[in-house]
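Asker: Sequence:
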Amino acid sequence: MNNIFIGRQPIYDQDLQVHAYELLYRDSSANAATHTDDDMATAQVVVNAFMDFGLDRIVGDHQAFINMPRSYLVGDLPLPFPPEQVVLEILETTPIDARLIKAVRELAERGFTIALDDFIYHDKLKPLVEISDIIKIDFMQLSPDEIRDHLVILKDHKVKLLAEKLETPGDFKLAADLGFDYFQGFFFCKPNVVESRTITPNRLAILQLLAALQNPDAGIADVEKIISTDVSLSYKVLRYLNSALYSLPRKIESIRHAIVYVGLPTIKNWFSLVALSKIDDKPQELVATALVRARMCELMAPKEKSAEMFFTVGLLSVLDALLDQPMPQIMRQLPLAVETKTALLNHTGPAGHALACVLAYERCEWEKLEAVSRSVDLTKLFVEAVDWANAAVRQLASGEAANG
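Numbering (numbering that gives the first Met the number 0), first residue to last: 0 to 403.
All the pointers check out, no bait thrown in.
Derived CB-CB ranges, DEER-like:
1. Arg373 <-> Asn345: 19 to 27 Å
2. Ser231 <-> Arg56: 26 to 34 Å
3. Lys172 <-> His352: 30 to 38 Å
4. Val261 <-> His121: 58 to 66 Å
5. Leu247 <-> His352: 29 to 37 Å
6. Ala390 <-> Pro301: 22 to 30 Å
7. Arg249 <-> Leu177: 52 to 60 Å
8. Val259 <-> Gly53: 32 to 40 Å
Below 27 Å or equal to it, Euclidean Cα-Cα: the simulated DSSO-like pairs (lysine-lysine) are:
9. Lys123 <-> Lys101
10. Lys154 <-> Lys164
11. Lys367 <-> Lys379
12. Lys101 <-> Lys154
13. Lys125 <-> Lys154
14. Lys189 <-> Lys281
It should be emphasised that the hints constitute simulated quantities derived from the structure, not laboratory data.
The structure displayed is predicted, hence computed values, not measured ones.
Virtual Cβ for every residue (Gly too), placed ideally from N, Cα, C.
Construct the entire structure; sequences and hints are all you get.
Answerer: Written as structure tokens, this is what we have:
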């Protein structure tokens, strides 16, 4: 199976709200994560794939940052996207000449947002800096002092600054302290662990709730009692189940009715999700990430009866980032099934292997997925998972509004 891999990475504003997504892509037969002019044919295939899937399914109502080969920038190939939907990224490997500068200026005049990727200043870039709206600076490529030097160079230009490849909460703090406007990287999926810091009461309560809820010995009566003690969460779970996400033929009137109708594992997972979404000092995108992982793991389950456990593994894989605690420490406090724990800690067993694939896809480490992609269309599963997660997040937001 010759797949086009398509991934996305959130780009945050200073309030840690999603501003846009960068779309990354690769032909499974290629060896690089992005394409240059040498790959014109492949680039056409990838852009067509974006159009076939629909950008709105992948990025919702956000803008999409897309690495554009020179062929599209200079007009050899037509740009199929409206200006308001995309940010055109010019790669650092793109040859700069008068034709490119003229073409980019015309694109800017047509209303396209222009970004320079992996920016390292040299004189040939000056005309593009003057045209561009956003400058992306790679925090893994430059030292803090080199980054500060670049900020001095750029201070007189009316550009927004985007810090990329932020891998830790410390990287994010540095970028924020330096005055960057946008932030990109996997820092939001990492726990901000501080030695000797105790878990906050809010997070401790959620952890205790998860422990009771995810206990393999918890039966219908136990789960009904746990959920019914929190009227707000009960309301949200019932609202989910009665939404278009499930399209059930009859209305669910009570938690007991819900458990009997859709099953105990499904109720446990949805109530866990609603509980986790109450952690309000973390980016909401972390909940969306949990949903994408959960749904993609579920779609990779070999048998229907194991799908709910696969979903649980994906859902709980963000616990360390949400609770700011190392995963082994969290696992010691949760009475999960052994198979679930080993999947989360070691990525072993069928569910653990599925989670490892999902995490590799999320990080666009597609070289790790070559063998799997021969038998599974991972991009199709990813887009379906994102589509489903977007709908779930909308439902979560509407539940908050209705409950507020």
